[in-house]
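Q: Listed below are the residues making up each chain.
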Amino acid sequence: MSQQNHNNHPDSGILKQFSEKEHTAIQEVWEHSGDAAGNLPGVSPSEIEEALNDVHTRLEMSGDFRSPGDKIAGWIQRHHRILVAAVALIAVTSLFLFVPKTASVPYGEIATLEMPDGSTIEMNSGTTILYSRLYPYTNRHMELNGEAFFTVEEHSNPFIVEANGTIIEVTGTRFNIRSWSDEPGLKTSVTVSDGQILFYPAQDRSGYRVLQDDESSFWNIEMGRPAEPETAAADDVLAWREHRFVFQNQTVLSILRDLERRYDVEIELAVPEVAFSTLTAYYSQNVHIETILEDICTVKGLRFTETANGYRIFD
Amino acid sequence: MNQPNDQQIETWAREIRKSDRKAFDSLFRAMYPGLVRFAASYTREKSSAADIVQDTFVILWQKREQIDSNRSLRAFLYQIVRNRSLNYLRDHANETLSSDWDDLGRQPSHNPSENPEDSSTVLSARFREWISNLPERQQEAFKLSRFEGLDHHEIADVMNISAKTVNNHIVAALSKLKDEYNQYQNQSNP
Numbered sequence: 020m021s022q023q024n025h026n027n028h029p030d031s032g033i034l035k036q037f038s039e040k041e042h043t044a045i046q047e048v049w050e051h052s053g054d055a056a057g058n059l060p061g062v063s064p065s066e067i068e069e070a071l072n073d074v075h076t077r078l079e080m081s082g083d084f085r086s087p088g089d090k091i092a093g094w095i096q097r098h099h100r101i102l103v104a105a106v107a108l109i110a111v112t113s114l115f116l117f118v119p120k121t122a123s124v125p126y127g128e129i130a131t132l133e134m135p136d137g138s139t140i141e142m143n144s145g146t147t148i149l150y151s152r153l154y155p156y157t158n159r160h161m162e163l164n165g166e167a168f169f170t171v172e173e174h175s176n177p178f179i180v181e182a183n184g185t186i187i188e189v190t191g192t193r194f195n196i197r198s199w200s201d202e203p204g205l206k207t208s209v210t211v212s213d214g215q216i217l218f219y220p221a222q223d224r225s226g227y228r229v230l231q232d233d234e235s236s237f238w239n240i241e242m243g244r245p246a247e248p249e250t251a252a253a254d255d256v257l258a259w260r261e262h263r264f265v266f267q268n269q270t271v272l273s274i275l276r277d278l279e280r281r282y283d284v285e286i287e288l289a290v291p292e293v294a295f296s297t298l299t300a301y302y303s304q305n306v307h308i309e310t311i312l313e314d315i316c317t318v319k320g321l322r323f324t325e326t327a328n329g330y331r332i333f334d
Numbered sequence: 339m340n341q342p343n344d345q346q347i348e349t350w351a352r353e354i355r356k357s358d359r360k361a362f363d364s365l366f367r368a369m370y371p372g373l374v375r376f377a378a379s380y381t382r383e384k385s386s387a388a389d390i391v392q393d394t395f396v397i398l399w400q401k402r403e404q405i406d407s408n409r410s411l412r413a414f415l416y417q418i419v420r421n422r423s424l425n426y427l428r429d430h431a432n433e434t435l436s437s438d439w440d441d442l443g444r445q446p447s448h449n450p451s452e453n454p455e456d457s458s459t460v461l462s463a464r465f466r467e468w469i470s471n472l473p474e475r476q477q478e479a480f481k482l483s484r485f486e487g488l489d490h491h492e493i494a495d496v497m498n499i500s501a502k503t504v505n506n507h508i509v510a511a512l513s514k515l516k517d518e519y520n521q522y523q524n525q526s527n528p
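Sequence lines, in order, name chains W and E. Mind the numbering: the first sequence is residues 20 to 334 in the numbering used here, read in order. Mind the numbering: the second sequence is residues 339 to 528 in the numbering used here, read in order.
In isolation and in its complexed conformation, chain E is listed as follows (with noise of 0.2 Å):
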């Protein structure tokens, strides 16, 4: 599913500050699956994520009045679910988290069909791998940044840091695979 482009999220922010359910509905039906995901990265488990990301809308309609139409919403969002997710880890860090990440993980998600030993799905596990090797805020970055789609300001807001140091962070993360890629590529073809 595309994210929705900005001039849509700022129409339905303003329709649902005037409490119009069907905006909130469409709001909620394009942005859920990428919050999830997002929510996901942090807890690793799909039902503490969808719990949080459920909660952060029943907050938005609840404070619907206070929407600041100076603010984009998106980046008001992940700012709740991420601030949600953290403290979710900070609750459960002494549990072992039984994952139901990895079992997703290992499903092939464009083509079922395809040859799991095929190179482009190797390809994509070593870059998953690389990310997960990333500096922690270097890799929120990059994630807001190439999975969410935010731009830099709405990933400043998300992370309470400045645009500069979020351009730093992802400038810094590619760096960092291209170096590693560029390893790979030589050692797969030498």
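Isolated chain W, as found in the complex (with noise of 0.2 Å):
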């Protein structure tokens, strides 16, 4: 019993208790004993993998998980771009390098990832992916929580990213998915710029859609599969890759999420009852988020202020 094998003697102070002559019995006991455990119910590492994901995705959910921004590439970002671009791709390549299962952009920031098939992945603000470490060679798997745009090269393996219960399947194209674990009912969006993908709920591959070219769609777990794919708005969608907003009937919790993990901030929204409702706005590059917050109070008839470590919205 391999299981057992750290723990083959009985304690030492365990066997002087017993009789010289019932030591060899009890040590047989010990041993044999420990054959009965090899029964109960074993976990397989794929489990373990699982359930450990459970535990991330619950603690990211509860906000246990949210790691303070990097404050001096936030105050380099406001002055220049490109050098924050540079260093975020020095950050994301360095952390392939060490840790090659996990990439992550800070809040604050947006990177690329450049893979070694030659596919990219631009990551916003607060996006995490984790792939195998032989990637590519013997699979392209890779697990989304957050958005990113894809360009993936054409290889014989497929792309398949997995992200808050959905999947999708792709050979070579370009397209975006929008997968925040803190999203409500874990809404997962794919926009395809150009390209064919399959986008299905990870526990039922037949309830596949395609997408193809300027075509969107989406999944939330109250649906048994993704939405019919419509013509979309490729531009609005894509809005974040050049650091500008484009709200269309987005709640404002998610709008509120949006900005935090933008600006490296924390709201507080002391107004929960108007959460839920939505909002339409277009902003362009390098807005402050302060006129932002002016319109969502504008529109709503609230307050902000500044806190500590962000804003407060309050009526």
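Hints in this document: simulated from the structure, not taken from any laboratory. One or more of the hints may lead you astray.
Said to hold, decoys possible - Here are the simulated DSSO-like pairs of lysine-lysine, each with C-alpha atoms no more than 27 Å apart in a straight line:
#1 Lys401(E) - Lys356(E)
#2 Lys120(W) - Lys360(E)
#3 Lys502(E) - Lys35(W)
#4 Lys206(W) - Lys120(W)
#5 Lys356(E) - Lys120(W)
#6 Lys40(W) - Lys516(E)
#7 Lys40(W) - Lys502(E)
#8 Lys319(W) - Lys206(W)
#9 Lys502(E) - Lys514(E)
#10 Lys502(E) - Lys516(E)
#11 Lys514(E) - Lys35(W)
#12 Lys35(W) - Lys516(E)
#13 Lys40(W) - Lys356(E)
#14 Lys360(E) - Lys401(E)
As the list claims (entries may be wrong) - Far from chain W, some chain E residues (derived; all Cβ distances over 12 Å):
#15 Glu348
#16 Thr349
#17 Glu353
#18 Asp406
#19 Arg409
#20 Gln417
#21 Arg428
#22 His430
#23 His490
#24 Asn498
#25 Ser500
#26 Val504
Think of the CB as a built atom: it goes at the ideal place given N, C-alpha and C, for glycine as much as any other residue.
Reassemble the complex: the two chains are provided individually, in unrelated frames, and hints are given to aid placement.
A: Below is the structure:
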């Protein structure tokens, strides 16, 4: 029994409490009883990883995994956008070298991840991608939490992205996924710029949708399969890549989370009843966060104030 | 999988207190199978056992700053799992538990090609039966010692009793198992 190798003998203090002639029997009892444990339910390595993933998701959703962003990089961003992209690229590249399985972009930054097969992944602030150490040799499978734009090179292995309960399967194409684990209903939206992908819930491949050039679709936990593909306003969906914001009937809660990630601040919404009301707004590059907050407050009849690490919106 | 040694767990505990997520992941990977097995020995279901253990790790992370360096982290985890398993049993006392344990229990664990009539398989089945017939507290102390590799101080901490009592439980359990084992041997080799 390999499982009990560490524990081959009873505690020496225990043995002393039996008479000498009983020692052999006790030792045998100890050894044989170890085999009785081997028949209890086993846990496979993939079950461990799934369970760990669930724990991560729960901690992320409850905010316990939130890490403070890089303040210095945030300062540089306000002055030199290109420099930040370079710094972030170096950061992500070194992450790739030292921790080959995870790439994440801090709050306040946007970065591009270049994969060994030539595929590139532009990642929005706060996004995390996990991928196989053996990419691209045995598979091109990865997990996304956040928002990213993928430019996928053709390869013999399919490129598969798992995002909060959905799977996006492609060969060679360019597309955007938005899938935040803290989004209500775990909504995942996919928009294809060119090429073709399959989009389906992780537990049901037969519910797939085929998305082609300029089409988008979405899925949330209440849906059996992703929505019928529609023609996408690709320019709006991809605004984040140019540091712009486009909010199309987006809930206030979701907008505030976008702002938190992009500007690396914490925003407290003291008026929960407006959280799920929606807004539509467009902003060009380098807009100041307070401009956006002012607009939200004007429309919703609210006020905001600065706090130690961000803002508070109140009635 | 071998249980990680005490020193390794202490190192992880220190790093987790400093919010190191990698240490948390390593601890999780090392401890999860044993803790699930332990929880399932109460709930008799793998799914509820897995839930209990995952809850335990969520709590561990949320309270990481309060991890006590003078206390065994292993004991801390087993204690939470034990308490939650007992609560689970209390809350589900009047439900008939449909057990996935029995199916799993029938699978020969170490060698699937092995003949099920093999004497060692029969013997471990007997041991399972004898262990399950031990008084509850003796059984718990014995399993924590034998299957989970906890030392007597850790078991005392988990079960909220003194180390002396742990010792007594384990000695009593071994002594009963020894009697059963002797009797069994005399029957099969008259």
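Q: Now, for every hint given, state plainly whether the structure supports it.
A: Outcome of the hint check:
1. For the hint pairing Lys401(E) with Lys356(E), the CA-to-CA distance comes to about 11 Å; that is within 27 Å, so the pair holds.
2. Between Lys120(W) and Lys360(E), the direct Cα distance comes to roughly 12 Å. Compliance with the 27 Å bound is thereby established for this hinted pair.
3. Taking the CA atoms of Lys502(E) and Lys35(W), the gap is about 14 Å. The hint holds against a cut of 27 Å.
4. Restraint check for Lys206(W) and Lys120(W): satisfied, since their Cα atoms lie roughly 25 Å apart, inside the 27 Å limit.
5. Among the hinted pairs, Lys356(E) with Lys120(W) is consistent with the structure: their alpha-carbon atoms are about 22 Å apart, no more than 27 Å.
6. Using a Cα cut-off of 27 Å, the hinted pair Lys40(W) and Lys516(E) holds, with the two alpha carbons roughly 12 Å apart.
7. A C-alpha spacing of about 24 Å is found between Lys40(W) and Lys502(E), which places the hinted pair at or below 27 Å, so the restraint holds.
8. A distance of roughly 24 Å separates the Cα atoms of Lys319(W) and Lys206(W); the hinted pair therefore holds under the 27 Å criterion.
9. Distance restraint check for Lys502(E) and Lys514(E): the Cα-Cα separation of roughly 18 Å lies within the 27 Å cut-off, and the hinted pair is therefore satisfied.
10. Only pairs whose Cα atoms come within 27 Å are accepted, and Lys502(E) paired with Lys516(E) is accepted, the gap being roughly 21 Å.
11. For the given pair, Lys514(E) sits about 16 Å from Lys35(W) by alpha-carbon distance, which is consistent with the 27 Å threshold.
12. Taking the CA atoms of Lys35(W) and Lys516(E), the gap is near 15 Å; set against the 27 Å cutoff, the hint holds.
13. For the hint pairing Lys40(W) with Lys356(E), the CA-to-CA distance comes to about 51 Å; that exceeds 27 Å, so the pair is violated.
14. Pair hint Lys360(E) plus Lys401(E) holds up; C-alpha atoms about 16 Å apart against a cutoff of 27 Å.
15. Residue placement check: Glu348(E) keeps its beta carbon more than 12 Å from all beta carbons of chain W (closest about 17 Å).
16. Remark: the non-interface label on Thr349(E) is consistent with the geometry, its nearest Cβ contact in chain W lying 18 Å away (cut-off 12 Å).
17. Taking the minimum C-beta to C-beta distance to chain W, about 15 Å, the non-interface status of Glu353(E) holds against the 12 Å cut.
18. Listed as outside the interface, Asp406(E) is consistent with that label: its C-beta sits roughly 20 Å from the nearest C-beta of chain W, beyond the 12 Å cut-off.
19. Every CB of chain W lies more than 12 Å from the CB of Arg409(E), the least distance being 20 Å, so the non-interface label holds.
20. For Gln417(E), the condition that its CB be more than 12 Å from all CB atoms of chain W holds, with the nearest at approximately 19 Å.
21. Every beta carbon of chain W lies more than 12 Å from that of Arg428(E), the smallest distance being close to 22 Å; the non-interface claim holds.
22. With a least beta-carbon separation of about 18 Å from chain W, His430(E) lies farther than 12 Å from that chain, consistent with its non-interface assignment.
23. Non-interface status of His490(E) relative to chain W is broken: a Cβ of that chain comes within 12 Å, the nearest being about 7 Å off.
24. Look at Asn498(E): its CB is around 20 Å from the nearest CB on chain W, clear of 12 Å, so calling it non-interface holds up.
25. With a closest Cβ-Cβ approach of about 14 Å to chain W, Ser500(E) is found to remain outside the 12 Å limit, as its non-interface label requires.
26. Here Val504(E) does not stay apart from chain W, with its beta-carbon only about 10 Å from theirs, under the 12 Å limit.
Going through the hint list in order, the structure does not satisfy hints 13, 23, 26.
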